[in-house]
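Number of protein chains: 2
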Amino acid sequence: MIRFYNARILTMEEPLEIISGELWTDGDKISYIGETPAELPEFARGIDCKGNLLMPSFKNAHTHSAMTFLRSFAEDVPLQTWLFEKVFPYEDRLTAEDVYAFDRLAILEYLAAGTTAFFDMYFYPESTVQAAIESGIRAVLCGSVSGSAKDVERLDEQYRRYRSMHPRIGYRLGFHAEYTSDESLHREIVRLSQAEKEPVYTHISETRSEHDGCIERHGASPAQYFESIGMWEMGGGGFHGVWFDQADRAVFRRNGLWMVSCPCSNAKLASGIAPIREYLQEGVNLALGTDGAASNNALDPFREMYLGTVLQKLRTMDAAAIPAAAMLKAATVGSARAMGLHDCDILAEGKQADLILIDLHAANLQPLHHIPESLVLSGDRSNVKLTMCAGAILYEDGVYHIGAEPEEILADTEKRIRRLTE
Amino acid sequence: MIRFYNARILTMEEPLEIISGELWTDGDKISYIGETPAELPEFARGIDCKGNLLMPSFKNAHTHSAMTFLRSFAEDVPLQTWLFEKVFPYEDRLTAEDVYAFDRLAILEYLAAGTTAFFDMYFYPESTVQAAIESGIRAVLCGSVSGSAKDVERLDEQYRRYRSMHPRIGYRLGFHAEYTSDESLHREIVRLSQAEKEPVYTHISETRSEHDGCIERHGASPAQYFESIGMWEMGGGGFHGVWFDQADRAVFRRNGLWMVSCPCSNAKLASGIAPIREYLQEGVNLALGTDGAASNNALDPFREMYLGTVLQKLRTMDAAAIPAAAMLKAATVGSARAMGLHDCDILAEGKQADLILIDLHAANLQPLHHIPESLVLSGDRSNVKLTMCAGAILYEDGVYHIGAEPEEILADTEKRIRRLTE
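These protein sequence lines map, in sequence, to chains G and R. Heads up: the first sequence begins at 3 in my numbering, then just goes up one per residue. Heads up: the second sequence begins at 3 in my numbering, then just goes up one per residue.
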């Protein structure tokens with residue numbers, strides 16, 4: 003049992019409010035939130051929070067973690083050049099061991115930024131599972147098949163292997179995107195989804211050309227085409243959704259789907275600005291993801307929240323476009339629920355102890371006029387003092403507790419990157 | 003004398019390249035940059051940089067430092083409400099002691115983010131001077147008069163008092179903006195500028211309504227109107243420049259003026275996106291500033307560089323809109339020169355030792371494919387290990403050396419903020 007005391011606590015239950023008190027963990031769960039009682043049980047450790055803020059950790063609802071190896075490899079080049087000359091040829095060379103190494107690099111960054119779970123779409127899922135289990139972080143794998151009906155076999159296989167292999171590993175059905183697969187694949191996934199009663203996830207309407215291309219190919223936008231063939235009957239969601247119009251948003255709302263927005267990636271690749279204001283106004287479930295480090299270039303929930311907010315102000319030319327706290331909700335509660343992590347969403351007794359401690363004494367968060375808003379508009383990942391996943395402290399004051407030293411992880415990735423990119 | 007060794011060094015001399023070696027300081031100056039010589043003099047301290055990066059520190063070329071007290075005080079409200087209900091009434095209550103306290107809070111944030119100089123426009127310049135001198139940071143005050151000709155007396159007075167009072171304090175002639183002053187003030191400043199051979203600075207074309215209003219009032223945009231009355235004959239520059247058209251940019255180019263862009267403030271207040279690509283393409287001198295913390299909400303050069311870059315990609319829908327390194331240049335060399343700090347711009351023997359050490363081993367900067375670009379697109383202020391101004395280490399690994407404890411500064415500001423905003 004770990005005791006956090008003298009804390010401000012933002013449970014993220016609505017309406018948002020900051021309470022003063024303490025939080026205890028027992029094993030992987032939160033066992034108590036409230037005032038200091040007259041009698042205290044014995045604790046393995048007591049942490050004086052000194053008025054700092056306990057809140058749910060961030061969850062990264064869309065990423066390709068191992069793409070850390072291509073971070074800053076090709077900057078300021080057009081999208082097609084970037085993808086076909088600077089990404090695909092290098093990804094082709096990756097081994098399972100490489101993906102494990104580059105996932106570990108991403109995990110260093112996730113934990114220092116207060117992220118305890120990531121929704122990953124990439125090659126060699128066995129490597130991601132290994133890296134996550136060893137480090138103590140939580141990973142939900144997302145299927146990413148492309149091609150035609152026969153390729154769904156691999157998805158089915160992975161789903162059965164990973165769906166309940168470990169308490170910190172999850173698996174969701176998914177495919178890469180409409181434009182990298184044909185209708186036979188889509189219909190086979192619908193069949194699998196309905197047979198297993200499992201939601202489905204995919205990249206959707208990230209770029210204008212992909213969105214318009216689907217209309218040409220299928221006579222409807224991706225969101226509407228997929229609805230017409232039953233893809234959304236078990237729920238699920240889409241990544242990006244930059245080019246959604248009102249009818250697309252209505253599809254997501256009425257099917258209870260999750261829109262996972264990736265503002266930084268959409269900005270770096272000049273894909274556009276997603277209509278986040280409309281998602282919020284129209285009641286679409288909103289989550290946040292970083293996408294891969296090659297197209298971001300950071301795996302940082304603070305940057306996503308910040309950019310997600312200010313881009314709406316610029317897009318609508320309205321400084322009051324959206325409430326900043328909506329981004330904090332998307333990056334924590336929303337992203338957890340989008341990934342199916344319903345016991346990791348808010349701080350409450352019985353929920354998983356996936357939480358962070360924010361240093362409110364840092365100059366950039368002073369004064370404390372409006373804490374939730376300030377986290378979004380003023381905060382950054384240097385304000386994360388401690389990151390706990392499933393009751394285990396994995397990062398504290400710059401030190402990792404993940405069963406490996408950062409120096410070793412860096413030395414390993416450096417060697418591999420030299421081989422891959424020379 | 004301090005010796006930095008085992009360093010990567012980015013002097014910011016063009017063309018940008020990373021050299022390996024060491025850098026020595028002597029008093030407030032850089033005394034050596036190069037390989038390790040056969041014989042070494044005695045040093046007061048030797049710092050093993052372990053392959054980390056030495057580079058010029060950031061300079062913040064537009065700010066209102068003491069506005070830290072209104073950070074996150076009113077979020078997500080329209081500009082006019084914000085300014086007239088949430089800023090002006092509270093600024094009216096400020097005392098000189100308050101400004102000193104809130105400047106000290108800003109200085110904590112500047113130093114932790116690698117900023118060693120700021121170009122400040124605010125009330126009670128004597129307080130800013132005191133806070134800067136005591137802490138060891140560099141401040142250049144910018145005149146901010148408004149009204150009519152008689153108000154220029156105060157500017158003249160401040161200019162004479164501060165222009166050479168201390169090696170780390172500077173003063174530049176300036177006025178608040180076209181829309182808060184009349185032609186008699188403008189002409190009086192032209193007279194003073196030409197008599198003293200001093201450049202002039204002002205807020206310019208920040209919002210569309212202010213830009214268009216000047217055309218109505220004076221028959222020309224601010225840049226063109228001021229050129230017509232001789233305001234730019236001694237050089238200088240403008241803050242924001244969001245609404246500049248090609249003719250305005252030509253005015254700045256032909257007069258060698260500095261455009262100080264503030265991307266984060268322009269985003270938060272929904273003022274718009276400055277045409278930074280055009281500034282760069284057309285050869286306008288570019289610097290970066292944060293504006294005040296109330297409209298940003300951070301005093302963070304990394305966020306300005308990042309947003310400055312990605313907003314151009316979105317504005318032009320071109321992922322290759324501008325080279326990321328241009329933002330690094332603007333935030334260091336450009337901003338130093340905009341403020342007249344020509345001996346603090348690059349790392350070179352004889353220049354001021356105003357520099358930072360960047361932790362290249364941090365996961366978010368790995369791998370090291372392209373370091374200057376990575377600082378802009380992947381870096382953040384948590385990567386700053388050490389900040390030196392005028393040869394003195396003011397910040398190192400989270401610890402300040404500024405003659406005051408952060409706790410004391412925070413306690414003082416908290417008390418004052420409670421009084422001001424209750």
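Calculated from the structure, these hints are not laboratory results. Given the structure is predicted, the values throughout are model-derived calculations rather than measurements. Incorrect hints may appear among the rest.
[What the hints assert, rightly or not] Covered by chain G, according to a simulated footprint, are these stretches of chain R (three or more residues, beta-carbon under 8 angstroms): (1) 45-54; (2) 78-91; (3) 319-330; (4) 344-351.
Beta carbons: idealized from backbone N, C-alpha and C, even for Gly.
To test your reading of the hints: which numbers does this structure violate? When the structure is compared with the hints, numbers 1, 4 turn out to be violated.
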